[in-house]
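Listed in order, the protein sequences are those of chains A and B. For the first sequence, position 14 (counting from the first letter as 1) is numbered 13 according to numbering that gives the first Met the number 0, and the numbering increases by one without interruption. For the second sequence, position 255 (counting from the first letter as 1) is numbered 254 according to numbering that gives the first Met the number 0, and the numbering increases by one without interruption.
FYI, nobody ran anything at the bench for these hints, they're computed from the structure. Don't be surprised by glycine CBs; every beta carbon is placed ideally from N, CA and C. Some clues are possibly wrong.
Claimed, not checked - Derived lysine to aspartate or glutamate pairs resembling DMTMM-like cross-links, with alpha carbons at most 25 Å apart:
{"no.": "1", "chain 1": "B", "residue 1": "K159", "chain 2": "A", "residue 2": "D290"}
{"no.": "2", "chain 1": "B", "residue 1": "K240", "chain 2": "A", "residue 2": "D290"}
{"no.": "3", "chain 1": "B", "residue 1": "K157", "chain 2": "A", "residue 2": "E125"}
{"no.": "4", "chain 1": "B", "residue 1": "K159", "chain 2": "A", "residue 2": "E312"}
Stated by the list, open to error - Rough simulated footprint, nothing fancy, chain B against chain A, three-plus residues with beta-carbon under 8 Å:
{"no.": "5", "stretch": "167 to 175"}
{"no.": "6", "stretch": "262 to 271"}
{"no.": "7", "stretch": "293 to 299"}
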Amino acid sequence: MKIIVIGLNHKTADVDVREKLAFNGEKLEQGLLRIRQLPGIDEAIVLSTCNRVEIYSNVKDPEKAFDAIKTFLSDFHDLDSAALEKSLYFLQDRDAVKHVFRVGSSLDSMVVGEPQILGQLKDAFEFALEKKTTGILLNRLMKKTISVAKRVRTDTKIAENAVSISFAAVELARKIFTDLSEKSFMLLGAGEMAELAAKHMMSFGVKGVTVANRTFERGCELAKEFNGRAIKFEDFLKELAHSDIVICSTGAPAYLLHKEEMQRVMKERRQRPVFIIDISVPRNIDPGINDLDNVYLYDVDDLQGVVETNVMERKKEAGKAEDIVAEEIASFEKWISSLDSVPTVVALRNKAEDIKREELERLMNKFPELGEKERKAIEYMANAITNKLIHPPTVALREDVEDKDALIAAVRKLYALNGNDEKQ
Amino acid sequence: MGVLLFELSLTFYFAATIVSIVELFRGSKATSRLILIFAVVGFVFHTASIIARYVIAGHLPITSLHEASSFFAWCIVLIFFFLEYRYKLDLLGPFTMPLVFILMLSSSVFPREIKELSPVLRSYWLGIHTSLAFLGNAAFAMAFGISIMYLVQEHHLKTKHLGGLFQRLPSLQILDEVNYKLIILGFPLLTLAIITGALWAESAWGSYWRWDPKEVWSLITWFIYVLVLHARLTAGWRGRKAAVLSIVGFLSVLFTFFGVNLLLKGLHAFV
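Please take these sequences and the hints and turn them into a complete structure.
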């Protein structure tokens, strides 16, 4: 009964290796079931994302399992086993648990703190549950991983600051305006980046999108997508007076908007604040307009700078997250050790003894007139009952059976042997 | 009794100020809660100390610098609670409590004896005129704190240095809005304070307006806030300009309050 992890990720393997090893579509089910059927492997989960492929397993003998799974991987994906071995990592026991906790908490991600990995891990777990390839140990490990990840998220600021340009833009908008849903929004040019940023803005409730694009048709298309309206490109300056957030990404070789024009626009807006994001390269908007009151202009480099600061912040928070992981590993190990049968037998016996002693005392106090002979007889009977009751579970626990972990867990649960540290 | 209550409130406001400084450097839900708790406890003692003094003096205790500073601080905390309840602006405590503490500290420095009120001033106007004036001043004081928050946040956004307080300070829009609302609240109070002051002067001294320094400076303050409102409504002076003007206005309030009493002598010299 040992937890192992075999896998590779963006740090150990290039994308072409990761691609080949990925368990996509039908391969996931086939792969998962076949791994589970390998000798000495009692449980298995396969996690396959674009940045990592990992197999979590409960095995009898880690060394043998590593070899078996490695051979399986190179057969299944038709890869050279020597080349594969260079990219794979093999972890067991504490290292394996730590790794899974770190993956779930997004500490091992390419972008530390990114939230998708937890969802992907949950999906992998649910799929394995559905295919019945997991048992008590991995189920417990996954549930624990999810709770550790949640704790990391709430107790640290690891996921707090935006680490992509488009999210950084939304974050800034929310520090300028209170409620984005009452703000109007203009897309100047219809590039891919602008579209992405627009999507993020919309998800925060921005309404009333206006698209001004050089090719009017493309503008109309995009406007339709966002339920907005398209205007002629030449009219953007007029529209600027009514737009609170502007994302500009055209291919124009020179500035489209100068300081003097913006000054007039601001007058027309009665100085209501405006947030302009210029993601075009070369820039399309005179950087000087940032000096105007109530105008906030950010270009690609500015946003990149914001992202970099935030990445640094996240790294600081990652330290705190590692402490949480260490703490949780200790509590998980405590649970694993409780799965050993010897302490369970002892706990069961102690519990029976305690109950017997209590009940005997109560009885004797109630009937002080009982004679020595009667007392002996009652005690004898109590002993016989408890012994006969705990004999079968004790024997069962000592037998070497297939699903012993489940049996131990069941006994601990049925007889309430888990005390306070074990409430799920 | 009154003295003890005053000292207790001073202590709690001091505690709130210390936690405020901690909040600025490493804030959490716990610190902002603690500021509010200390402020509430301080306010309870503070209110009790003012009532105790009212009972002894027989009129609103506002006729010495000690009493007036304390009452000023009390009004600020009152408006602070209202803003906390209504808007829940992050970091408002750290931009309020130090000012409250400084006012209370200066109050504690001024002579504390209760002076006999001159017969001319024994009038119901005393309570009305001063309450209006100090509530107005308190609204301007909170607008001052909010304006500083605005300028800090605006500085972050303009210079694109998004560390420090950026994440925790509220959005520019809400700060600007609250600043405006506080001035909208403070301005009529100040106007009424000046009018009631004139009426009271007429009944006490026989003329509405004597150009004494307090009157002159109140008028200057009043004009600054007229300018704030006028520029906003006509030229759209919001945001940074409004914040700067709001700060200038409050400096004028402070000078009207402390400067005139300490540096210039006039009819208001008793306060």
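When the structure is checked against the list of hints, which entries are broken? Sort them ascending. 3
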